[in-house]
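Line order of the protein sequences matches chains A and B. Going by our numbering, the residue at position 328 of the first sequence is 1029; the numbering climbs one at a time, nothing skipped. Going by our numbering, the residue at position 85 of the second sequence is 126; the numbering climbs one at a time, nothing skipped.
Bear in mind the hints are in silico, worked out from the structure with no lab data behind them. Because the structure is a prediction, the values reported are computed rather than measured. It is possible that some hints are incorrect.
[Said to hold, decoys possible] The calculated lysine-lysine pairs, modelled on DSBU-like cross-linking and capped at a C-alpha distance of 35 Å, are: (1) A:Lys1119 <-> B:Lys146; (2) A:Lys1171 <-> B:Lys176; (3) A:Lys1216 <-> A:Lys1187; (4) A:Lys895 <-> B:Lys243; (5) B:Lys169 <-> A:Lys1187; (6) B:Lys169 <-> A:Lys759; (7) A:Lys759 <-> A:Lys710; (8) A:Lys1168 <-> B:Lys169; (9) A:Lys1187 <-> B:Lys176.
[Said to hold, decoys possible] Example chain A residues on the side facing chain B (calculated, C-beta under 7 Å, incomplete): (10) Glu734; (11) His766; (12) Trp923; (13) Gln1060; (14) Tyr1062; (15) Gly1064; (16) Trp1151; (17) Gly1152; (18) Ile1155; (19) Thr1195.
Note that the Cβ used here is the ideal one computed from N, Cα and C, for glycine as well.
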Amino acid sequence: MYLNIDAQKEMTYDAIVVGSGISGGWAAKELTERGLRVLCIERGRDIKHVEGYETAMKAPWEFAHRGRPDNMAAEEYWAGMRTGYTANEEHRYLFENDSKNPYLETRPFDWIRAYHTGGRSLLWGRQSYRFNEEDFMANGKEGIGVDWPVRYKEIAPWYDYAERFAGISGSKDGLSVLPDGQFLPAMELNCLEKHVKSEVMKKMGRTITIGRVAHLSKPQSWHTALGRAACQYRNMCMRGCPFGAYFSTQSATLPAAMKTKRLTLVNNKIVSEVIYDEKKGRATGVRTIDQNTLEVKEYYAKIIFLNASAIPSASILLNSKSSRFPNGLGNDSDQVGRNIMDHHLGVGASGEFDGFQDQYYFGRRPNGVYIPRYRNWGNDKRDYLRGFGYQGGASRSGWGRGVGMEGFGASFKDDLSKVGGWSMGIGGFGEVLPNENNRFTLHPTKKDKWGMPIVVFDAAYGENERKMRKDMANDAAEMLEAAGLKNVRSYDDTSKNLGIGIHEMGTARMGKDPKTSVLNKNNQLHDCKNVFMTDGAFMTSASCVNPSLTYMAFTARASKFAVDELKKKNL
Amino acid sequence: MMNRRDAIARVALLMGGTLSAPSLMAFGEGSSAKQVVGAAFSLTSAQKTLVAEIAEHIIPKTSTPGAKEAGVGPFIEMMLADCYKPQEQQNFLDGLADLDERATKAHGKKFLDTSSAEQVAILKQVEKDTIELMKSANVQQVKVGDNVDKEVVSSKKLKGTPFWRLLKELTLFGYFTSEQGATQALEYVPIPGRYDACIPLKPGQKAYAL
Ligand SMILES: Cc1cc2nc3c(=O)[nH]c(=O)nc-3n(C[C@H](O)[C@H](O)[C@H](O)COP(=O)(O)OP(=O)(O)OC[C@H]3O[C@@H](n4cnc5c(N)ncnc54)[C@H](O)[C@@H]3O)c2cc1C
Ligand code: SF4
């Protein structure tokens, strides 16, 4: 008896953070820096900064298939194959094996996961934009989903805070559609991009700017103090960055949390549910299953942050059943698992350019151009709601052009060794509206090898997204043509499903009314105040900009709130 | 205006457009189609020699190493075994046999027994025929993402990627990503350390590898 209490004490922390990805890393940093003893529980293996990046320094010829997925890998990474790149040899070891982690699709969903220390912070494209004022108000104005309980001005200081710490390189453009932030020096546009930028501004009045990315273009003292260094422009970031030059859990938030000596990280423990104490009316801890031994173990804390990413975090709620919450913890509204959003992409245009034959570049910039939303903005009115932005870039073609060229032999080889012509492509990132019927559920009987119910997706793009895609393809081609590009081709790849943007969010939306939302404006479960969710689950609408910076800002804000409430003994 | 929209949605016929490296993988079915695993594939020693010789015709040794030195022959065999479906493997074997048939018909000997000039002439004809075949099968190269092109076949005339196309693609891929090709035919800069956005191209400058 006595022993048991001791053991329980040993497993008791001030806070538990579930997941060590982008948002979990921030929760761990913020909560430890504010004085809490934190346990971060990660379901996957540990990947150590630098030494864990197995392929980071490999040359192309050191990969058995020079990077391409072989048939066996294609079979195992069946969802990853849908992106066209995530199952590649260079970085496959950082993605999840889909055969070992199966899911089901009533309507297809492209689910791209990374289960290990750092989660997808090691793999993300690092594009980092703020939501604008309108993004937080559109739902309310248009009667779509529910209104955000938060407005831009409340989150703006937290964007400042997140940008400074993460290190975001970008240019200040003074646009209300794309609010400026605390930027490190911007990366430069190459000569074709500069040309297209000025033509598109002149002829169409639209802005093209350099992407805002979480790369240290010029590290500041607080970055170098964590061992981070300047970007080396090798653009092999998806293999892990040995220089700590882009923001990841490993390079930034984990070292900061470790510095406090108040963080414990445990790996290979899958959180299966939150333990809810009916008498106390609060959560007391989490139950875990060891990934290798299947051992079940409980950990306890005063507050719990769910940061397992949108689908797993909501799964944990759905799996946490009690007599108070027969449909899952905090799910009185029946909104848990619903309103899955993403950004839709796979639509845009590309073209070739005749000029600048004597111009080249040096280095591989891990970034491209960004075209902020202009549709349904100001006086522009379309037959769909919301808008889209574009990401893309210009480059000179390499040897790959030879595949489509006629000829072979010495002069052919010589030609391919030289620099090819210029081309530029831009692809749209469109906003997806929240829709209650886009959801996932837990399968009633099928379980994975750890005994967790299998996720079943039932979600798809709607009419609004389909309408928007027409503009996304046509506008892209029009802009490139306006800038004088030739052979402009637009594309709209309809083989992709929701999820392909890898920006899944919205499964436990925030709102003012507990009847129609899961979380309040402080990322607390309405009905179980000591449980917080600050990964993509909380998103009430999606905007058209990449979401992770917004998760960082909300995580930092919710962490401060949680610690303040703890101090006030409200939790 | 109406037609213009259609016009910009056009797709380029194969063999004409530019291809980026990642496009080298997708052909035919949608990307979600499952691959067949474990199909055994290997070449006889005569076929191995033949493949190495044709690859060398495509990328010969010049002031820089050629396909043979870069090990492109064995690379092609390995890639076909590991990364392709039985249909492509069969097309490849048929294509090799076809070369000998063509040589026998024209010169009364096997492909490798003909002169270098005769070999080149045969390969040129194979390339022409392949282009015609793909045109008649209406093979189109469509962009499906910034860096991903996919080829779609809208007629049933073509079963999988044709031999010449496989061979050429794998030769270029194998060569320019090999140590010899990447560091000698191209300029290999593993860690640039900086980014210069707009600089003059030096006369005769090689393209960067990767
Ligand atoms: C190729 C790629 C490109 C991207 N590009 C961008 C971009 O440019 N800009 C942008 O904003 N976003 C981008 N994203 C998306 C971005 O990566 C995600 O939005 C972000 O990582 C989500 O953070 P998260 O904390 O919610 O989840 P993750 O970073 O996915 O981390 C979740 C963590 O929780 C762990 N976990 C899951 N379930 C459990 C459990 N039951 N118990 C314990 N631990 C668990 C996982 O192992 C993982 O470590 C990209 C993603 C990918 C893959
Ligand atoms: S480009 Fe920059 S961030 Fe990416 S791997 Fe290289 S140094 Fe790291």
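Against the structure, the hints come out as follows:
1. Taken as a hint, the A:Lys1119 and B:Lys146 pair is broken in the structure, with Cα atoms around 38 Å apart against an allowance of 35 Å.
2. A hinted pair counts as satisfied when its Cα atoms are at most 35 Å apart, and A:Lys1171 with B:Lys176 qualifies at roughly 28 Å.
3. Distance hint between A:Lys1216 and A:Lys1187 is unfulfilled; the C-alpha atoms sit about 54 Å from each other, more than 35 Å.
4. This hinted pair checks out: A:Lys895 and B:Lys243 have alpha carbons roughly 21 Å apart, not beyond 35 Å.
5. At roughly 26 Å between alpha-carbon atoms, B:Lys169 and A:Lys1187 fall within 35 Å of each other, so this suggested pair holds.
6. Pair hint B:Lys169 plus A:Lys759 does not hold up; C-alpha atoms about 38 Å apart against a cutoff of 35 Å.
7. Taking the CA atoms of A:Lys759 and A:Lys710, the gap is near 46 Å; set against the 35 Å cutoff, the hint is violated.
8. At roughly 42 Å between alpha-carbon atoms, A:Lys1168 and B:Lys169 are farther apart than 35 Å, so this suggested pair is violated.
9. Distance hint between A:Lys1187 and B:Lys176 is fulfilled; the C-alpha atoms sit about 22 Å from each other, no more than 35 Å.
10. This hint is violated: A:Glu734 has a C-beta 33 Å from the nearest C-beta of chain B, more than the 7 Å allowed.
11. A hinted interface residue such as A:His766 counts as satisfied when its beta carbon comes closer than 7 Å to some beta carbon of chain B; here the least separation is about 6 Å, so the hint holds.
12. A hinted interface residue such as A:Trp923 counts as satisfied when its beta carbon comes closer than 7 Å to some beta carbon of chain B; here the least separation is about 23 Å, so the hint is violated.
13. Of the supplied interface hints, the one on A:Gln1060 holds, with its beta-carbon coming within about 6 Å of a beta-carbon of chain B, less than 7 Å.
14. A hinted interface residue such as A:Tyr1062 counts as satisfied when its beta carbon comes closer than 7 Å to some beta carbon of chain B; here the least separation is about 6 Å, so the hint holds.
15. Checking A:Gly1064 against chain B by beta carbon gives a least distance of about 4 Å; that is within 7 Å, so the hint holds.
16. For A:Trp1151, the interface hint is violated, since its Cβ never comes within 7 Å of a Cβ in chain B; the closest pair sits about 25 Å apart.
17. Residue-level restraint check for A:Gly1152 is violated (minimum Cβ-Cβ distance to chain B is 27 Å; threshold 7 Å).
18. With 7 Å as the threshold, the beta carbon of A:Ile1155 stays out of range of chain B, its nearest partner Cβ sitting at about 19 Å, so the hint is violated.
19. With 7 Å as the threshold, the beta carbon of A:Thr1195 stays out of range of chain B, its nearest partner Cβ sitting at about 10 Å, so the hint is violated.
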